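> Whole structure, please, built from the sequences with the hints as guidance.
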Amino acid sequence: MSEATLSSSSYLQSLLNGQARPAASTQVWLNQLRSSAVETVSELTVPTTRDEEWRFTDISLLTKVSLQPALVSNNLTAADIKPFLIKEATTRLVFVDGVYAPNLSTAAKKEIVVSNLYSELAKNSAVLQQHLGSHAEIKGNAFTALNTAFLHDAALIMLPRNATLKAPVHLLFIASQKEVVSYPRTLVLADNGCEATIVEDYVSLQDEAYFTNAVSEFVLADNARLHHIRVQREGAKAFHIANCSAILSRSSNYQSVNVAMGARISRYNLNIRMAEGAECSADGLALIKNRQLADTHTFIDHAQAHGISRQLHKCIVGGAAHAVFNGKIMVRHGSQKTDSQQSNHTLLLTDKAHVDTKPQLEIFADDVKCTHGATIGQLDNEEVFYLQSRGLSETLARNMLTYAFGAEIIERINVNSLKHSLEQTVLEQTSTQL
Amino acid sequence: MSAALQNIINQPYKHGFVSDIESDVAAKGLDESTIRMISAKRNEPEWLLDFRLQSYAAWLKMTEPTWQNAHHPKIDFQAISYYSAPKQKPKLKSMDEVDPELLRTFEKLGVPLHERMAMAGVAVDVIFDSVSVATTYKEKLAEVGVIFCSFSEAVKDHPELVKKYLGTVIPTSDNYYAALNSAVFTDGSFCFIPKGVKCPMDLSTYFRINTEESGQFERTLIVAEEGASVSYLEGCTAPAFSSNQLHAAVVELVALDNADIKYSTVQNWYAGDENGVGGVYNFVTKRGLAQGVNSRISWTQVETGSAITWKYPSVVLLGDNAVGEFYSVALTNHYQQADTGTKMIHIGKNTRSTIVSKGISAGKSNNSYRGLVKIAPSASGARNYSQCDSMLIGQESGAHTFPYINVRNNTAKVEHEASTSKIGEDQMFYFAQRGIDAEAAVSMIINGFCKDVFQQLPLEFAVEATNLLSFKLEGSVG
Numbered sequence: 001m002s003e004a005t006l007s008s009s010s011y012l013q014s015l016l017n018g019q020a021r022p023a024a025s026t027q028v029w030l031n032q033l034r035s036s037a038v039e040t041v042s043e044l045t046v047p048t049t050r051d052e053e054w055r056f057t058d059i060s061l062l063t064k065v066s067l068q069p070a071l072v073s074n075n076l077t078a079a080d081i082k083p084f085l086i087k088e089a090t091t092r093l094v095f096v097d098g099v100y101a102p103n104l105s106t107a108a109k110k111e112i113v114v115s116n117l118y119s120e121l122a123k124n125s126a127v128l129q130q131h132l133g134s135h136a137e138i139k140g141n142a143f144t145a146l147n148t149a150f151l152h153d154a155a156l157i158m159l160p161r162n163a164t165l166k167a168p169v170h171l172l173f174i175a176s177q178k179e180v181v182s183y184p185r186t187l188v189l190a191d192n193g194c195e196a197t198i199v200e201d202y203v204s205l206q207d208e209a210y211f212t213n214a215v216s217e218f219v220l221a222d223n224a225r226l227h228h229i230r231v232q233r234e235g236a237k238a239f240h241i242a243n244c245s246a247i248l249s250r251s252s253n254y255q256s257v258n259v260a261m262g263a264r265i266s267r268y269n270l271n272i273r274m275a276e277g278a279e280c281s282a283d284g285l286a287l288i289k290n291r292q293l294a295d296t297h298t299f300i301d302h303a304q305a306h307g308i309s310r311q312l313h314k315c316i317v318g319g320a321a322h323a324v325f326n327g328k329i330m331v332r333h334g335s336q337k338t339d340s341q342q343s344n345h346t347l348l349l350t351d352k353a354h355v356d357t358k359p360q361l362e363i364f365a366d367d368v369k370c371t372h373g374a375t376i377g378q379l380d381n382e383e384v385f386y387l388q389s390r391g392l393s394e395t396l397a398r399n400m401l402t403y404a405f406g407a408e409i410i411e412r413i414n415v416n417s418l419k420h421s422l423e424q425t426v427l428e429q430t431s432t433q434l
Numbered sequence: 001m002s003a004a005l006q007n008i009i010n011q012p013y014k015h016g017f018v019s020d021i022e023s024d025v026a027a028k029g030l031d032e033s034t035i036r037m038i039s040a041k042r043n044e045p046e047w048l049l050d051f052r053l054q055s056y057a058a059w060l061k062m063t064e065p066t067w068q069n070a071h072h073p074k075i076d077f078q079a080i081s082y083y084s085a086p087k088q089k090p091k092l093k094s095m096d097e098v099d100p101e102l103l104r105t106f107e108k109l110g111v112p113l114h115e116r117m118a119m120a121g122v123a124v125d126v127i128f129d130s131v132s133v134a135t136t137y138k139e140k141l142a143e144v145g146v147i148f149c150s151f152s153e154a155v156k157d158h159p160e161l162v163k164k165y166l167g168t169v170i171p172t173s174d175n176y177y178a179a180l181n182s183a184v185f186t187d188g189s190f191c192f193i194p195k196g197v198k199c200p201m202d203l204s205t206y207f208r209i210n211t212e213e214s215g216q217f218e219r220t221l222i223v224a225e226e227g228a229s230v231s232y233l234e235g236c237t238a239p240a241f242s243s244n245q246l247h248a249a250v251v252e253l254v255a256l257d258n259a260d261i262k263y264s265t266v267q268n269w270y271a272g273d274e275n276g277v278g279g280v281y282n283f284v285t286k287r288g289l290a291q292g293v294n295s296r297i298s299w300t301q302v303e304t305g306s307a308i309t310w311k312y313p314s315v316v317l318l319g320d321n322a323v324g325e326f327y328s329v330a331l332t333n334h335y336q337q338a339d340t341g342t343k344m345i346h347i348g349k350n351t352r353s354t355i356v357s358k359g360i361s362a363g364k365s366n367n368s369y370r371g372l373v374k375i376a377p378s379a380s381g382a383r384n385y386s387q388c389d390s391m392l393i394g395q396e397s398g399a400h401t402f403p404y405i406n407v408r409n410n411t412a413k414v415e416h417e418a419s420t421s422k423i424g425e426d427q428m429f430y431f432a433q434r435g436i437d438a439e440a441a442v443s444m445i446i447n448g449f450c451k452d453v454f455q456q457l458p459l460e461f462a463v464e465a466t467n468l469l470s471f472k473l474e475g476s477v478g
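Those protein sequences? They're chains A and B, same order as listed.
For the first sequence, position 370 (counting from the first letter as 1) is numbered 370 according to this note's numbering, and the numbering increases by one without interruption.
For the second sequence, position 193 (counting from the first letter as 1) is numbered 193 according to this note's numbering, and the numbering increases by one without interruption.
Wrong hints could be hidden among the right ones.
Stated by the list, open to error - SDA-like mimics (lysine to any residue), calculated; alpha carbons at most 20 Å apart, straight line: (1) A:Lys352 / B:Asn406; (2) B:Lys422 / A:Arg332; (3) A:Lys178 / A:Val65; (4) A:Lys337 / A:Ser251; (5) B:Lys364 / A:Glu362; (6) B:Lys364 / A:Asp367; (7) A:Lys352 / B:Lys364; (8) A:Lys328 / B:Gln387.
What the hints assert, rightly or not - To list a few chain B residues with every Cβ distance to chain A over 12 Å, as calculated: (9) Glu46; (10) Ala57; (11) Ser152; (12) Gly167; (13) Pro171; (14) Asp257; (15) Asn384; (16) Cys388; (17) Val414; (18) Glu425.
Keep in mind the hints are simulated off the structure, nothing from the lab.
Because the structure is a prediction, the values reported are computed rather than measured.
The C-beta atom is built at its ideal place from N, Cα and C for all residues, glycine as well.
Here it is, written out as structure tokens:
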């Protein structure tokens, strides 16, 4: 056992020392943030299935992949990223293997800032110091700590008071090299009453193994409204571990849709903390096949009264894939009049597919409405029969029902072209599986 | 409103008296000699002593689990007396020979030991501290071949049966407290329903802890052979002591082909006072093995007592078409903590399980439902439905649900739902409007909330449970 601990802590050390850490910044606070993260990493080990939070997700495969430092040279051209572009998005930040690619990005730098952190660091030092790294908890979280230890650049969005962004902002994280680790980072600061749609998109240009370790922080001031669409379509052999923290101030509104369909093993932790009267929705779809594992952990924290949360998480599991869902809802002491609903539905397409789910409620206030529901099963034969009686072949009937099952989540995406392309992907994937 | 509600909850515990009965209490502490002493006192055969010693060895290697959602100071296992028995002669022939003080105790608790006074059609085995003091209707049951006796008698009279089934459902090293129980258990009940027999009356065991600083470690084993069926009831109380008593029981059920076992519990151990001082730690391992085809095991529990209740009556659904059921009401008040639920392990084809859990938390208490529904790859066509509802009374209480659902077979269908509610002002107003006072209204609302579970209880128990609940809640509504 001590040997195992040793190897898992040395794995983190190898990640920590395997590549050059960012050069010291002119900002003292940033250097401090990094060094405390380095310290935290040294105290931690890679989580195993003996840890309650990782009970069903075995990431020992990851520790067996040797990862090299990413080469910085980026010679991607606009043609390379064309298939991933979202036509509505007029502003776009592109990161290749974790490194900002200004030649591929279209930034905005005036009142509304959509840019990379590095170039804004000096100008907005005070506000960045206040938020960067203070919402994504590194304590006890080896992966957030690692990301923070390598924090050098990030996608940065700063929305001033009452600003409304009509077009979505596209954050595109591209993996172009094999056997490298990248640390994408996102910080979104939405001031009072502003409104925007942000698409966080992870894609790959190659099929070999690599590791994406992403951290995002969303800070919503009073009455701010954000749509956060997250699409994880990494390569088939990739490892994707991501942590996202959303901090909701009074009466703010955070709508999140998370689609996970790529990666050999993926894990997404979404933590939402809600102040008085805040509203959130945290919807998700995991569409996996072959030997994929997709794990979604969400934690919706009703820290104050009058919050409203809605969650619909669906999994479509084919091949010998494995879906994990852990949805925790906390209603803290004094968070009266909380209204929370959670549903989790899983469709198992094959006899090797399996799922582990745990919808968890922790309630410390008496005047609340909280419900959760979970179902697991396969397509209803009666429904298939109904479609067949209308002249559809069985395969087509099954595809249509599977597609409809997943489309309920995709439809919640408010960017039309992205919605349509994802619908297409779901349709293709469901028809190849049967 | 809440003041009257408070008053309704905060009623004193009426079973908290201590009976002045001369007892034979072993010195505190636990080591191998304690186990040999217990075994010797009970004239046990060699194989049972080996079973105990093996369990003790396993226990020594284990560490106390800490994952539960309940907190207690570390238990000093050396500060517990592992054996306490009313001082008495060899086993009695008739009820008339029982110590009158003991009879009075049970009469006070509403458990009549005289057969002529007994509730019609219920056979009772009575466990006082560590030993069984009386079993009623034994002869009548023997006529149809049903064996119902204390565990020690079973070891003496039916060693082959005990040996065949003991530890088969819950292995000695299953968990920390089961291992402890297997090492030091003192008495308990044994039931054996032979092939094809429908047990003519309900069987019941009544547990009473009387000695302070003693632990109660009883062992229950129920075996229903092919086509047999039985309904079994269990009740428990303890005096009010300011120290905590440990109760770590093990209950094993085995159902063969087409057999049917229904196990009902009304647990009312002393819960501690309104400041959380004293009370019983109820750490129990209960598991049923639905081994045969079409077998059925049903757990019904009403948990109102204990400072901490920590148990998961489970069913392993091994036989094809086996059925597992779990119906639970857990009520916590003051500083009580409950972490209870069930495990349904589906292995056989077309196995079905139903879980209905109702948690009520009042005062500063915490009530958790923790459950596991596991569908093995072999369990084609398995079906589970779970429902767990919580009700919170007062702002200081907490309700938690931890349902684990692991599915390895795509022909299985699993559904889980949970909700949280409170007693609404509008509900209370509706009752008031009809001239029903707050106490009666709360009692009715709660009984309505728990109806799905109470329906599963045998009639006498259902009445007792209903009263118990309204009694426990007296003072909490207002």
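> Confirm or reject each hint.
Hints, verified against the model:
no.: 1; hint: A:Lys352 / B:Asn406; result: holds (13 Å)
no.: 2; hint: B:Lys422 / A:Arg332; result: holds (16 Å)
no.: 3; hint: A:Lys178 / A:Val65; result: holds (11 Å)
no.: 4; hint: A:Lys337 / A:Ser251; result: holds (14 Å)
no.: 5; hint: B:Lys364 / A:Glu362; result: holds (15 Å)
no.: 6; hint: B:Lys364 / A:Asp367; result: holds (15 Å)
no.: 7; hint: A:Lys352 / B:Lys364; result: violated (46 Å)
no.: 8; hint: A:Lys328 / B:Gln387; result: holds (17 Å)
no.: 9; hint: Glu46; result: holds (37 Å)
no.: 10; hint: Ala57; result: holds (21 Å)
no.: 11; hint: Ser152; result: holds (40 Å)
no.: 12; hint: Gly167; result: holds (27 Å)
no.: 13; hint: Pro171; result: holds (21 Å)
no.: 14; hint: Asp257; result: holds (27 Å)
no.: 15; hint: Asn384; result: violated (9 Å)
no.: 16; hint: Cys388; result: violated (9 Å)
no.: 17; hint: Val414; result: violated (4 Å)
no.: 18; hint: Glu425; result: violated (10 Å)
Figure legend: structure checked against the earlier numbered hints; hints not met, in rising order: 7, 15, 16, 17, 18.
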